[in-house]
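Student: Letter by letter, the chains look like this.
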Amino acid sequence: MKKLGLIVNPIAGMGGRCGLKGTDGAEILAQACALGAVPEAPDRALTALQQVAKLADDVEVVTVGGDMGAKEADAAGLDARILFTPDGRATTSEDTRRAAAELAAHGVDLILFAGGDGTARDVYAAVGDDVVCLGIPAGCKIHSGVYAINPRNAGELAALYLQGKVKATGRAEVMDIDEDAFREGRVSAELYGYLTVPRDAARVQGGKAGRTQKDEQALDEIAYYLFDVIEPDSLYILGTGSTVFGLKERLGVDGTLLGVDVTRGRELIAKDVTERQILELLEAEGGDKAKIVVTVIGGQGYIFGRGNQQLSPRVIEKVGRENILVVATKQKIAALGGRPLLVDTGSEETNALLTGYMRVITGYSEQIAVRVSA
Amino acid sequence: MGITKVRKNFHQARWDEPMIFELSTPGVRGIIPPAAEAEVAAAAGDVVGKLPESIRRKTPPALPEVDQKRVLAHYLHLSQETLGSNLNADMSQGTCTMKYNPRINEDLAMESRFANVHPWQDEDTLQGILEIYWGMEQIMKAVSGMDRFTLQPGGGAHAVFTAASIIRAYWRDKGELDTRDEVVTSMFSHPCDAASPHTAGFKIITLMPKEDGYPDLEAMKSVVGPRTAAIFFTNPEDTGIYNPLIEEFVKVAHEAGAVCFNDQANGNVLMGIARTRDAGFDLCHYNLHKTFGTPHGGSGPGTGAMGCREEFAKYLPYPTVEKDPATGRFYLDYDRPESIGKIKGFLGSAGVVLRAYCWAMAMGPEGLRETAEISALNNNYFMELVKRIPGVSAPYAEGHRRLEECRWSWQPLTEETGVGTDDILRRVGDFGLQHYWSSHHPWVVPEPMTIEPCETFAKEELEEYAAVLAQIAEEARTDPELVKQSPHKCATHKRAAEEELDDPTKWATTWKAYKRKIGK
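Residue numbers (my numbering), protein chains in the order written: chain L, 3 to 376; chain C, 3 to 522.
Certain hints may be false.
FRET-style restraints, in silico, Cβ to Cβ [as the list claims (entries may be wrong)]:
1) His256/C with Leu260/L: 43 to 51 angstroms
2) Asp235/L with Pro506/C: 58 to 66 angstroms
3) Gly343/C with Phe229/L: 28 to 36 angstroms
4) Asp180/L with Gly401/C: 38 to 46 angstroms
5) Phe229/L with Pro506/C: 20 to 28 angstroms
6) Arg323/L with Asp149/C: 41 to 49 angstroms
7) Thr61/C with Asp132/L: 54 to 62 angstroms
8) Phe229/L with Lys514/C: 43 to 51 angstroms
9) His79/C with Glu218/L: 55 to 63 angstroms
10) Glu312/C with Gly348/L: 51 to 59 angstroms
11) Lys514/C with Arg323/L: 53 to 61 angstroms
Keep in mind the hints are simulated off the structure, nothing from the lab. Computed from a predicted structure; not experimentally measured. Using N, Cα and C, we set each Cβ at its ideal position, and we do this for glycine too.
Construct the entire structure; sequences and hints are all you get.
Tutor: Next comes the structure, spelled out in structure tokens:
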């Protein structure tokens, strides 16, 4: 029998309706409640679970007591095994982490969680990419790619995955913005890592390009192209994110997923480098023969300034605009819906240098010209 | 006055028909021909012995052994399980220009004086079909403004590949092929405008659309330069939006020395109204299948008529069909040393050219213009009906009319109900209409639907299709499972797990592959 782990973050999304931009932290939650916010995540979780309820005889639901899953499972008519019940009145991010860790230890086949970016971060912190997870969108902030398009689709996809009808899995970004900064009008989004999610383009956010060329094939094409054009004597500063990591893997570079790595040709010379290390390498080798390879991070279209702050204005200026290779799948560019690529390097001059049009490498000898704005 | 009826009680045949190979019984024959008469046998001699030893079969081919009556029933069953052309309002295959194929042209193509000619006959005995080829070229020249055409390509993408090959030869002769290695196209041009030049060895740069739906001219200016070999643009694009700035795009390309190709597969709506040559293009193509009234053909046969200015004519595939001005005799010209060569067997799809010629001659110049006008009128009437359906939108070019088609988006309905375009298009089949076509990939328009209600569809048929879409949108709200589990009344299967469709170990396109994959 398959085991479905369930986590509901009951307070997710409460800040959104009151214009609080998020619900991270006790103080904000109190403000949200004072403004009359009511929990929405439980209803959204229930909508998803109703899709799973059809499999009641074949699936064991494992969850957390009280508001964090037990109530919703019961409402959907699913018997659930309760691992623990959090004490205290309001649940915290610590409860989410504990729940995810215990569900992983229990050996569940899939963790279905209702929440927003903060919840995804907590689940990621607890389980990394070891357990297949899927988010039911219920939070104020959904920048992460781990969420289904809507609660119903989350339930459907969970059911298909548990039945073995969808088998493929892939990495999806866990992103979050700093709520305090956001309330002050600054966006500071970080890439925290990648959860493993069931892969079904029609049901997961960010994959709105329909059933089409798989990411794996698109990465193969881009990698073959880079393989042919990489100059053996040049420095390659390989950026962060799963697209560039996929290329690192294909080019035989033992690089990092969340870090910046540097190669000479295809030979790795420095791993997970800081801005200072990059500048030292550029100083030693001469910046004119270096190239930066970056991809589009997250649904908003950032190529610099989100999850790759190591590639600072000084690094960019030293390498030069013409030596920046932006790589992305066609689906990712299409999903921008005509919006420009974005840069937020922290330097207005560097941002100005990068704006205009850039050619994004999308396949073997295939590029899309996309506008870049700051 | 006809009626508009939504066929709520439609039900298609579902025969649960075995594969023809599964029907095979050893020893059963469809037909037993009589033995040849002694005189004939003696005159023919040992026929098999005349074949080289190397190509003689040692064992008979593994063909199914089925009697005549069962073979006929088998294929009748299969035909009843399709919703083929001319069976209903097949306007739903947008960008395909599905239209009625007049029966008289089918009769002419079946007529023995055409059906029995062989391309290896002496030219003197092929004067009729050569005249039709020559005449069709004159019609295409008039429609486009170009100087020469080839009717050899077997389809649209093949015609675009022919153009790319000609452009490659052109730059090779100028000694610039090494540096002119880039082709610029747009996201809403047909994907073969990227794929065909890519196959011909060019690097492809695609322009994204702006909010007004036009390709981004500033992006074009940023990428066009000394490396640009050519631009390949469709206009109107697959959104049905005509790019009125097309001359600007051509100007930018020409100033950089590049060649300009215009994909006119969507040209149904421009015939007799605008000529691609007048917009400055150097080469272009039209689809004789579909646009010129011939059947879609289900992956062939088709004809992509590819035209060019005189400067490029020497590269056209051989043979060209020529007319001797002195004698009026038609002949095939193989003596074309700079030609890119042969691109299709014999003359191409002569049956398609014949039907297209008959259609164009019957329509006449005024008829071609009327075709264009009514196709635009039909689409805009249909759009007014569809716009009233809550949950569907027409992204880009807000407030502007489209030409012959529109790429719609069901995104608002999907967000509201979880029912997406892949569900809706399957459900259309339950009302006896062909499912519609969503979009090429990647989906730039989310949850897309592309419908081209061209000139042969009646007002009632447009109303029926729109009413069916409205009905399904309503069902998505009241009974989403009904739509998601559709079709219910068609011969086609319910939705398979989609990832299996991408897994070559799970499907087979031939019996031999099927047996190999399931290990029998």
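Student: None of the hints should be skipped; say for each whether it holds.
Tutor: Against the structure, the hints:
A C-beta distance of roughly 47 angstroms is found between His256/C and Leu260/L, which places it inside the suggested range of 43 to 51 angstroms. Separation of Asp235/L from Pro506/C is about 40 angstroms and departs from the stated range, judged on CB atoms against 58 to 66 angstroms. Roughly 32 angstroms separates the CB atoms of Gly343/C and Phe229/L, a value that falls within the hinted 28 to 36 angstroms. Remark: the range hint 38 to 46 angstroms for Asp180/L to Gly401/C is upheld by a beta-carbon distance near 40 angstroms.
Checking the proposed 20 to 28 angstroms range against Phe229/L and Pro506/C shows it holds: the Cβ atoms sit about 24 angstroms from each other. The beta-carbon spacing between Arg323/L and Asp149/C, approximately 43 angstroms, falls within the hinted interval of 41 to 49 angstroms. Distance hint check: the CB atoms of Thr61/C and Asp132/L are about 55 angstroms apart, consistent with the given range 54 to 62 angstroms. Distance hint check: the CB atoms of Phe229/L and Lys514/C are about 35 angstroms apart, inconsistent with the given range 43 to 51 angstroms.
Separation of His79/C from Glu218/L is about 39 angstroms and departs from the stated range, judged on CB atoms against 55 to 63 angstroms. About 57 angstroms separates the C-beta atoms of Glu312/C and Gly348/L, a value consistent with the hinted range of 51 to 59 angstroms. For Lys514/C and Arg323/L, the hinted distance range of 53 to 61 angstroms is satisfied, since their beta carbons lie about 54 angstroms from each other.
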